[in-house]
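Enquirer: Following the hints, complete the assembly by docking chain Z onto the known chain D.
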Amino acid sequence: MIQAIEWGIITYFLSLNSVYLLLVISSLIYIRQQMLLSDVVKPSSLFKSKVYKTISILVPAYNEAGNIIESVESLLRLEYPEYEIIVINDGSSDETIERLKDHFKLTKTELFYKQSIDHQPVRGIYKTAEIPNLTVIDKENGGKSDALNAGINVSDYDLVCSIDADSILEQDVLKKLIQTFVRHKDTIAAGGIVRVINGCKIVNREIKEIHVPDGFLGRLQSVEYLRAFLFGRVGWDYLKSLLIISGAFGIFDRKAILEVGGYSVDSVGEDIELIIRLHSHFLRSKKEYNIRFLPEPICWTEVPVDYKSLKNQRNRWHRGLADSLWRHKYMLFNPTYGRIGLLVMPFFLIFELIGPIIILLSYLYLGVLFFIPGYTSISFIVLFFAVSVIYGMVVSLISVLAEEIAYKTYSSTKDILILTAYSFIENMGYRQIHSYWQVLGIIDFIKGNKSWGKMERKGFKANSAS
Amino acid sequence: MYLSLTYQTVLLLLMLLLTTFLYLLVYTFWTRAKKKYWSRYKVKFRAMFMPLILDYIETANRQSDADDVIKKLTRRNEDIVLFLEILDEITEILNGDDRKKLNWLIKHALFDRFYRKKLYSNSVNAQLLACVYYSKSGYLNRKMTVRLISLISSRNTKVAYASAKVLQNSTNEYIRLNTLKSFFKRPDASSMMIGELLHLFHQNADKIYQMSGILLKQLLLQKDIPKDRKQLVIDYIAYHNLYEYSLFLRNYLQTVLYRFENKSLIVSLINALGELRVKEAGTLIRSYSTIQNAEIRICCVEALNQLGGSDNLSFITGMLLDIEFDVRKRIIQTLVQDPDNGHLLLEKFMLTYLKFVSKVWTSELPPNDMLVFINKLRSITTGIRITSANKALHFNPVQK
Numbered sequence: 001m002i003q004a005i006e007w008g009i010i011t012y013f014l015s016l017n018s019v020y021l022l023l024v025i026s027s028l029i030y031i032r033q034q035m036l037l038s039d040v041v042k043p044s045s046l047f048k049s050k051v052y053k054t055i056s057i058l059v060p061a062y063n064e065a066g067n068i069i070e071s072v073e074s075l076l077r078l079e080y081p082e083y084e085i086i087v088i089n090d091g092s093s094d095e096t097i098e099r100l101k102d103h104f105k106l107t108k109t110e111l112f113y114k115q116s117i118d119h120q121p122v123r124g125i126y127k128t129a130e131i132p133n134l135t136v137i138d139k140e141n142g143g144k145s146d147a148l149n150a151g152i153n154v155s156d157y158d159l160v161c162s163i164d165a166d167s168i169l170e171q172d173v174l175k176k177l178i179q180t181f182v183r184h185k186d187t188i189a190a191g192g193i194v195r196v197i198n199g200c201k202i203v204n205r206e207i208k209e210i211h212v213p214d215g216f217l218g219r220l221q222s223v224e225y226l227r228a229f230l231f232g233r234v235g236w237d238y239l240k241s242l243l244i245i246s247g248a249f250g251i252f253d254r255k256a257i258l259e260v261g262g263y264s265v266d267s268v269g270e271d272i273e274l275i276i277r278l279h280s281h282f283l284r285s286k287k288e289y290n291i292r293f294l295p296e297p298i299c300w301t302e303v304p305v306d307y308k309s310l311k312n313q314r315n316r317w318h319r320g321l322a323d324s325l326w327r328h329k330y331m332l333f334n335p336t337y338g339r340i341g342l343l344v345m346p347f348f349l350i351f352e353l354i355g356p357i358i359i360l361l362s363y364l365y366l367g368v369l370f371f372i373p374g375y376t377s378i379s380f381i382v383l384f385f386a387v388s389v390i391y392g393m394v395v396s397l398i399s400v401l402a403e404e405i406a407y408k409t410y411s412s413t414k415d416i417l418i419l420t421a422y423s424f425i426e427n428m429g430y431r432q433i434h435s436y437w438q439v440l441g442i443i444d445f446i447k448g449n450k451s452w453g454k455m456e457r458k459g460f461k462a463n464s465a466s
Numbered sequence: 467m468y469l470s471l472t473y474q475t476v477l478l479l480l481m482l483l484l485t486t487f488l489y490l491l492v493y494t495f496w497t498r499a500k501k502k503y504w505s506r507y508k509v510k511f512r513a514m515f516m517p518l519i520l521d522y523i524e525t526a527n528r529q530s531d532a533d534d535v536i537k538k539l540t541r542r543n544e545d546i547v548l549f550l551e552i553l554d555e556i557t558e559i560l561n562g563d564d565r566k567k568l569n570w571l572i573k574h575a576l577f578d579r580f581y582r583k584k585l586y587s588n589s590v591n592a593q594l595l596a597c598v599y600y601s602k603s604g605y606l607n608r609k610m611t612v613r614l615i616s617l618i619s620s621r622n623t624k625v626a627y628a629s630a631k632v633l634q635n636s637t638n639e640y641i642r643l644n645t646l647k648s649f650f651k652r653p654d655a656s657s658m659m660i661g662e663l664l665h666l667f668h669q670n671a672d673k674i675y676q677m678s679g680i681l682l683k684q685l686l687l688q689k690d691i692p693k694d695r696k697q698l699v700i701d702y703i704a705y706h707n708l709y710e711y712s713l714f715l716r717n718y719l720q721t722v723l724y725r726f727e728n729k730s731l732i733v734s735l736i737n738a739l740g741e742l743r744v745k746e747a748g749t750l751i752r753s754y755s756t757i758q759n760a761e762i763r764i765c766c767v768e769a770l771n772q773l774g775g776s777d778n779l780s781f782i783t784g785m786l787l788d789i790e791f792d793v794r795k796r797i798i799q800t801l802v803q804d805p806d807n808g809h810l811l812l813e814k815f816m817l818t819y820l821k822f823v824s825k826v827w828t829s830e831l832p833p834n835d836m837l838v839f840i841n842k843l844r845s846i847t848t849g850i851r852i853t854s855a856n857k858a859l860h861f862n863p864v865q866k
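In order, the protein sequences belong to chains D and Z.
Last residue of the first sequence: 466 (my numbering), numbering continuous.
Last residue of the second sequence: 866 (my numbering), numbering continuous.
Extracted from the complex, chain D is given alone in its bound form (with noise of 0.2 Å):
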């Protein structure tokens, strides 16, 4: 009996971390054929002709007084022929509407559009004759999903493009993206890599030199977030089987959203449940869809430094995947869904939603034995450790370098020296502190918990040169 689960627990670490390999080596395979000569396909054409789309973007925005003003501003300097930016006061309990209306200049209006999704009732739009691409929407509290619902609604475009009023994009941001579409046929959807913020050098919302943070857990976060979309994305679409695309940054075909009902307004994990959602939806009616995956560095997200938030954050995050994998259950193993059903969502299931309540197991079955003398085994010990910590060790550095080979994001060796080192300390202590975290998400989801948490952030003035 002991026997058969010490087995299992060291087949368990193997296989998981095994999967993980093979998706960093594929990603690592896939980017560089991807960068192989990338000047042969230039979009040089593609603004000369009518095959681009125009893009609304989305910003849901609650209590963003601090930042919104930058962020919208770095928003109307992008470079793209045709996009409208749309601003969504999701009731503000600050000043956020006060300050848009009084720097833009902002004038009350009516627009002639069609509730196609339900969403909380909108107390005014607001626009401005100097800049017509420009709308803001000020709306009763109805959260992240909501806001973006009201935001699909009044966009008029091609395209919707949801982004974080507290992210930085690229300038090229939407000319990178909108090749996804030319290239890939019939796509309802596509996200880039984001990347930690924190630490860089930040002017006027430009970037201007990046780095690691300083701090302890934005440095373990930093290679977590490496990890994460090497094989959590890049390698996924790799194999055409892309579950999320972040919250932070996406761009959706608006008439596929408008298809599926818009995003799920009791849903934390709206990202991904969006995308399960529009699977489920064109696997089900056999339309041809894509949903894919730009391998480039593109938006700049601030992740939370401090323990409280980050474990608010993780808790949400994993209540989000419990509550998305848990509404579309009857895709698992349904040869309906294809690989997402028979492949990707157990995959989730059983490696990333139930993943941490096996570590943690594993480890408190390891401090049982501790106690009861003549069962400790040496070498389960030994294999335990080496299948679990040393090989997800591996794992970490083989995707800090492989994002070094492939990309050389951070200028300076020291940088890339101390990602290196911490891809060491992750696997020692934070990723079970993480499991813990993860395991308090699923108790949270099955009481029924859906609140976001607090997050406290700084704020990119923090890292402002001027």
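Derived by calculation from the structure, the hints in this document are not laboratory data.
Every value quoted in this text rests on a predicted model; they were computed, and no experiment measured them.
Cβ atoms here follow ideal geometry from the backbone N, Cα and C, with glycine treated the same way.
Just to be clear, a hint being listed does not mean it is correct.
Claimed, not checked - Coverage of chain Z stretches by chain D, computed from C-beta distances (three or more under 8 Å per stretch; other residues unrestricted):
no.	segment
1	482-488
2	497-504
Stated by the list, open to error - Restricting the straight-line Cα-Cα distance to at most 25 Å, the calculated cross-link-like pairs of lysine-lysine (PhoX-like) are:
no.	chain 1	residue 1	chain 2	residue 2
3	D	255	Z	842
4	D	101	Z	857
5	Z	537	Z	566
Expert: Structure of chain Z alone, referenced to chain D:
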């Protein structure tokens, strides 16, 4: 149990992984060091050659003057690549005689020899580099053409595309057309690649203008070319205002039967007829405005508006009671923006139907289907009010 073969295998695997990691670590820092070295070298190289090239452009009189600059190259592969990078940058800002002098440099025999070897090699990377060079230099001879034609059928999309781009430099229109035709048939070719090739195909139009006109028509009439590719050709014609295709496009639309799989092609054709202002296509476009697909009806509204004329505007006004909100919205936007009779037509519409509505309200409770109709009217009047107000305040965003 743990000392079994499995245990040893797992340990061996871990050793292997650790070795891989160490290799990657060394490789990472090696590439970083190499990158740093080459960036420094590039700076020095530019500092030396940029003034030389600029001086050459000012003083050169004949093609052989290029040799003096080329002689200074150490002929290392990296030098050749860096030198061409500089030329590429300068090309963007030069024209006329200066550009001609720069072309003497770009087409120099040294580079030709260097890249010709790459073109005939089996390495995909080398083939791509050669194609990039030849599409910039514009140099193409018969032997190379044969090689490039063989590369169009390469399994690698980028190689096929890059060679198709080079072949668009050919002075032989049939080679250019056949290149396009074979590339259009590739299922892996993206719209972006096709758009670029069309652009290259049609450039220098004064030389092959007549011929390319016939060739684009051939592409549209060819049965084995996929519809989405034909759609791109039509979009290209419309975007570049190639008026000489007007009647051809009208006749072409007549031959396309309405089926769901033809929807995008029909939309492109109607849009093109509108953008090219083919007045003779008015009746044909109107006949499409009754088709059940809302996307087609919207593009009919836009095309009829572009054709202009009171008949077309009155026809659009008649479509205001369309079942689809998006169609109604587009009609209202079109009429409100119309500088001539749009507002009069809207006024007439409102007066006609509002009288009717007030009659219904005052007589008795309207039946359910009448309520649907009245709600639609209410939506239309709201739309007219809001869109007109926004026009007065200049709030209307630019439409695609």
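Enquirer: Take the hints in turn and mark each one as holding or not.
Expert: Now for the hints, and whether the structure bears them out:
Here's how the segment 482-488 of chain Z fares: 4 of its residues keep a CB closer than 8 Å to some CB of chain D, so the rule of at least three is met and the hint holds. Only residues whose C-beta sits within less than 8 Å of a C-beta in chain D count toward coverage, and the segment 497-504 of chain Z has 3 of them, enough to reach three; the restraint holds. Taken as a hint, the residue 255 (chain D) and residue 842 (chain Z) pair is honoured in the structure, with Cα atoms around 22 Å apart against an allowance of 25 Å. Distance check on the hinted pair: residue 101 (chain D) and residue 857 (chain Z) sit about 20 Å apart at the alpha-carbon level, within 25 Å; holds.
The hinted pair formed by residue 537 (chain Z) and residue 566 (chain Z) meets the criterion: a straight-line CA distance of about 20 Å does not exceed 25 Å.
Comparing the model with each earlier hint shows no violations; every hint is respected.
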